[in-house]
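Residue numbers (my numbering), protein chains in the order written: chain A, 1 to 366; chain B, 1 to 338.
Keep in mind that the hints were calculated from the coordinates and are not lab data.
Ideal Cβ positions, reconstructed from N, Cα and C, are used throughout, including at glycine.
Warning: the hint list may mix true and false statements.
[Said to hold, decoys possible] Quick list of the computed label-pair ranges, beta carbon to beta carbon:
1) B/Phe71 x A/Ser297: 27 to 35 Å
2) A/Trp312 x B/Glu70: 51 to 59 Å
3) A/Pro41 x B/Ser111: 49 to 57 Å
4) B/Arg29 x A/Gln170: 46 to 54 Å
5) A/His91 x B/Asn114: 28 to 36 Å
6) A/Trp312 x B/Asp75: 52 to 60 Å
[To be verified] Sample of chain A residues with no beta-carbon within 12 Å of chain B, all distances over it, derived:
7) Gly64
8) Ala280
9) Leu285
10) Arg288
11) Asn300
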Amino acid sequence: MPSSVEPVLDPLFSTPITERKLVLEARDLRRTFTSGSRLNPTRVSAVDGVSLQLHAGETLGIVGESGCGKSTLARMLVGLERPDGGSLTYHGTDVTRARRSDRRLLRTGVQMIFQDPYTSLDPRMSVGDIIAEPMAATRSASPAARRERVAELLGLVGLAPDMMSRYPHQFSGGQRQRIGIARALALDPDVLVCDEAVSALDVSVQAQVINLLGELQRRLGVAIMFIAHDLSVVRHIADNVAVMYLGRIAEQGGTETVYGSPAHPYTQALLSATPSHSRADRGKLARRRILSGEPPSPVNPPTGCRFNPRCWLATDECRTTQPPLREIAVASPTVAADLGLRPVGESRVVACHHAEKALQEAALVG
Amino acid sequence: MDIRETTAVDEVAALRVRDLSVTFTGGGREVRAVRGIDLDVAKGEFVALLGESGSGKSVTARAIMGLTDEFTRVDAAELRVSGVDIQALGENERRMMRGERMSLVLQDALSALNPVMTIGNQIGELFRVHRGSTRKQARASAVELLGLVGIPAPAKRVDDYPHQFSGGMRQRILIAMAIALEPEMLIADEPTTALDVTVQAQILDLLGSLRDQLGMGILLITHDLGVVMEVADRLAVMYAGRIVERGDADTVLDHPAHPYTEALLRSVPEAGIRGRDLMTIPGSPPSPAQTPPGCSFNPRCHMAIDICRTVRPPLVDVADGRASACHRSEELLHALVS
């Protein structure tokens, strides 16, 4: 284990996130899959109009349940999946419809860390070859320089450089995930996309990897998009968080704002169903907001707000009109205080027609 | 030690295990996956067995159920499910015990269900084999059970195949099968690990209400501390095939007496320490084939002293109703170690 680094030295981290350099911007990304027979196809709307901004050194958490499109979104961001609509801008260059060379830009600058450390490493390649592969694929650096870089990367993720000649089966799950992280860092990316990167690990090992990601971010200034279904892990590491429901963003904003006073009914339900890591909160689940209806399916999603069939606040408006992401209108600072909102610096957008009502109700329940 | 335990013999505990060991004998060598553990589950009690992968918790569940293959050797001084000595039973009698008096909910619902049989037939099979019901009766019972575990439109869904259900619903179907014959003892092996939190909350609710209604003992095997916090009455923590700490859930979680439990509790993210480094346990859990000498946890323990490397601490009572296997649990309990 490398010892933890000293507090923030880099000037990057003393500037507010929104004033930092914009690294990756997604605008209105869409992806629909068709399946079933040709005559009677079913359309799976996996991602429907997602816009995101990722600044240098920022950690953006994406939470949502299975089938909400978070993995499809991740695959689009790293270029493994081409969006049907919308645009993806990397350092100001549109990489969705550009020339091949521009798309290559995305592939080197945005790297992915996968969920399963057992299947994401080729069992027949040595660790050195695995980590050097991105460099080999982009034909950067000579073989000797690559070896040197591999040794450096292994050190960076807390493994001994002489482990280079070993094979993945000789490592534990946590060590493999470190190898996956070293591979993702090989090309000096600006963005790391972690798709459930710690979900498959044991609790004690999970903490090691979370700390490592935090440390790497402080050292390298890399932006992290952290996708997870574990809400407490996201709360721990993310600066900003986006909650997805059936392919759309339901709520997005500063982590403490969203967790502290969720304004979208779905966020409220999701947070109330998460078991607390404190015995004092025992029985919290019994008081949770119970969602009626079927679990969500992106096949033929409902019209209007996609959450409307399960929402307790749904009105006719919700069934017909898709709510746009908007800021919450709060009449006065006193009202804001009553709702548990911070009057200044309130940076959050919600896609709900009745967000104010939802907030008010939540404040009353306490 | 525990009041419950002394009365357990008269009352007949749902589960009583003494000195259970499981050894894998395949591949020409012996691997001891579970080493002499004791477990008690009273009727109507929710006991959690907490541990990381490879700690032997699932092996324990399978050994109790008798679901072992020819390369697994199970030894126990005592193995009783609601008073019945399982070891004395023949294979056929044991088979009739499963489902009837004890049952197991597996983690992976898709592979636990038969993909080419309708749900109705799979649940109905239980009634036809154990109760000699007719097809018609079995089907009616299946519909009723599906309704009980909260599957919408059970009369329609009963003829569907497993792949037509979502993950949460499949898990509920497994639970339906496990409780079909109202067993006294239910073992749930990571029943919610693959599920979303909203569905997980429903499943935990369901288990809790079944426990209340039917008075069965539940042994919940999990690695998820959040789940333990929420439902457990009592708790046993496993590490490298042994129980290292056990006791009443409230006290163990508030004041752990074993450094492993303490470290586990402190390595989960909490709202209070957002953005700061989490406390970690160095290294990774040992493989059952090579456990370190002395205390199995000593290479990863921040409190390890010389004796820990040579002498294995036994599981002894440290306070009323709780036991810990650590040379230094006294110190830990009295917070002498910073």
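To see whether the hints hold, each was checked on the structure:
no., hint, result
1, B/Phe71 x A/Ser297: 27 to 35 Å, "42 Å, violated"
2, A/Trp312 x B/Glu70: 51 to 59 Å, "55 Å, holds"
3, A/Pro41 x B/Ser111: 49 to 57 Å, "30 Å, violated"
4, B/Arg29 x A/Gln170: 46 to 54 Å, "19 Å, violated"
5, A/His91 x B/Asn114: 28 to 36 Å, "53 Å, violated"
6, A/Trp312 x B/Asp75: 52 to 60 Å, "55 Å, holds"
7, Gly64, "9 Å, violated"
8, Ala280, "9 Å, violated"
9, Leu285, "5 Å, violated"
10, Arg288, "6 Å, violated"
11, Asn300, "15 Å, holds"
When each numbered hint is compared with the structure, violations occur for hints 1, 3, 4, 5, 7, 8, 9 and 10.
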